[in-house]
Amino acid sequence: MRMEKMTWEEFEKAKAKVSAILLPVGSVEAHGKHLPLGTDVFAPLEIARRVEKKLKDKGIEILIAPPIWYGHSFVLNVYPGTINVRADSLRRYVRDVISEFAEEGFEKIILLNGHGGNVYPLLEASEEVAESYDVGIILINWWMDFRKEILEICSSQGHAGEDETSVMLAIAPELVKMEKAKGEKRSAPVRVIRRDIGLELFPDGVNDNPQGATRERGEKILEVVSDKISEILEGVL
Numbered sequence: 001m002r003m004e005k006m007t008w009e010e011f012e013k014a015k016a017k018v019s020a021i022l023l024p025v026g027s028v029e030a031h032g033k034h035l036p037l038g039t040d041v042f043a044p045l046e047i048a049r050r051v052e053k054k055l056k057d058k059g060i061e062i063l064i065a066p067p068i069w070y071g072h073s074f075v076l077n078v079y080p081g082t083i084n085v086r087a088d089s090l091r092r093y094v095r096d097v098i099s100e101f102a103e104e105g106f107e108k109i110i111l112l113n114g115h116g117g118n119v120y121p122l123l124e125a126s127e128e129v130a131e132s133y134d135v136g137i138i139l140i141n142w143w144m145d146f147r148k149e150i151l152e153i154c155s156s157q158g159h160a161g162e163d164e165t166s167v168m169l170a171i172a173p174e175l176v177k178m179e180k181a182k183g184e185k186r187s188a189p190v191r192v193i194r195r196d197i198g199l200e201l202f203p204d205g206v207n208d209n210p211q212g213a214t215r216e217r218g219e220k221i222l223e224v225v226s227d228k229i230s231e232i233l234e235g236v237l
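Residue numbers (my numbering): 1 to 237.
Just so you know, these hints were derived from the structure itself, not from any lab. There may be inaccurate statements among the hints.
With a Cα cut of at most 16 Å, we get these calculated EDC-like pairs of lysine to aspartate or glutamate [said to hold, decoys possible]:
{"hint": "1", "residue 1": "56", "residue 2": "231"}
{"hint": "2", "residue 1": "220", "residue 2": "149"}
{"hint": "3", "residue 1": "177", "residue 2": "204"}
{"hint": "4", "residue 1": "228", "residue 2": "57"}
{"hint": "5", "residue 1": "33", "residue 2": "179"}
{"hint": "6", "residue 1": "228", "residue 2": "179"}
{"hint": "7", "residue 1": "54", "residue 2": "184"}
{"hint": "8", "residue 1": "53", "residue 2": "234"}
{"hint": "9", "residue 1": "185", "residue 2": "200"}
{"hint": "10", "residue 1": "58", "residue 2": "231"}
{"hint": "11", "residue 1": "58", "residue 2": "227"}
{"hint": "12", "residue 1": "220", "residue 2": "131"}
Here the structure is a predicted model, which means the values were calculated and not measured.
Make a model of the complete structure from these sequences and hints.
Set out below in C-alpha cells:
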C-alpha cells in the first residue's frame, strides 16, 4: 500500500492493519553519464514494492511511505544535477518524519536506504527517535547489507557500477545509456575531504566498471535482496 495514494480516512484504517511503515530514502546525484540522477531512489522504491508483495504473500502487510528524494552527497556535488543536503539537515528532517510516524502509532519503522552518504545521518536520526518513543527502527542499506549476495551475481560493486547499472536495467532500461557506460574502480588509502575530491575518486561520476551490467543480473540482485529483506522482516514484525 502506498501512503500518498490514500485519503486520511483510508490511512487511519490502514494503520490498524499493517505491521510497519517503510520509508525509502535516497539521493538526487550524478551516476555517471549513463544512469539517471534518481537511481538511488528508484532502486529502494522497487525493492520496497517487491518486499511488500513477498510479505503480503506471507500474511504480513506493510505501508510504503513517500520517499525522501534528497540526500547527503558532498563528494559528488562537483557534478551538475547533484543536490546535496547537509548531513545535519538530513538527520533532523528524517528525525522529524519518523517521529511523526511514531506519533501516528507505528511501533515498527523501516528505513530502506539507497545512498551511502545517508548512512550516518539516518543512524543518528533513528537513535534520537528511539530515545523518545517506544518504537523499533530497522535501518537497511540494501547494497551494503547484502554485498556478499550481490558479489555472487556481479564481478564488482561500486557507484554507478556493474551492480547499480544492472539494477537500473531491470527497473527502467529506457533510462540507461549503456553506450556511455564506462569507468574504473578507484580508492584512497585514507579518507580525504576536499571540495573537488569527487573528480579524482568518481571520474565522470562513476567508481567501478559498469560495462558488464545486464538486465538479468539486475533482476537477480533485486530478487535476492528483496528475498533477504523479507526474511529478516518476517522475523521481527
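Hint check:
1. Proximity of residue 56 to residue 231 is assessed by CA-CA distance (about 12 Å); at most 16 Å being required, the pair is judged to hold.
2. Distance hint between residue 220 and residue 149 is fulfilled; the C-alpha atoms sit about 10 Å from each other, no more than 16 Å.
3. Note on residue 177 and residue 204: the hinted pairing holds, with a Cα-Cα distance of about 14 Å set against a maximum of 16 Å.
4. Distance hint between residue 228 and residue 57 is fulfilled; the C-alpha atoms sit about 15 Å from each other, no more than 16 Å.
5. Taking the CA atoms of residue 33 and residue 179, the gap is near 9 Å; set against the 16 Å cutoff, the hint holds.
6. Our distance criterion of 16 Å between C-alpha atoms is broken by residue 228 and residue 179, whose separation comes to about 32 Å.
7. In summary, the hint linking residue 54 to residue 184 is not supported, as the alpha carbons are separated by about 36 Å, beyond the 16 Å threshold.
8. Among the hinted pairs, residue 53 with residue 234 is consistent with the structure: their alpha-carbon atoms are about 12 Å apart, no more than 16 Å.
9. Distance hint between residue 185 and residue 200 is fulfilled; the C-alpha atoms sit about 11 Å from each other, no more than 16 Å.
10. Taking the CA atoms of residue 58 and residue 231, the gap is about 10 Å. The hint holds against a cut of 16 Å.
11. With a CA separation close to 12 Å, the supplied pair residue 58 and residue 227 stays within the 16 Å bound.
12. The suggested pairing of residue 220 with residue 131 is violated, with an alpha-carbon distance near 38 Å, which exceeds 16 Å.
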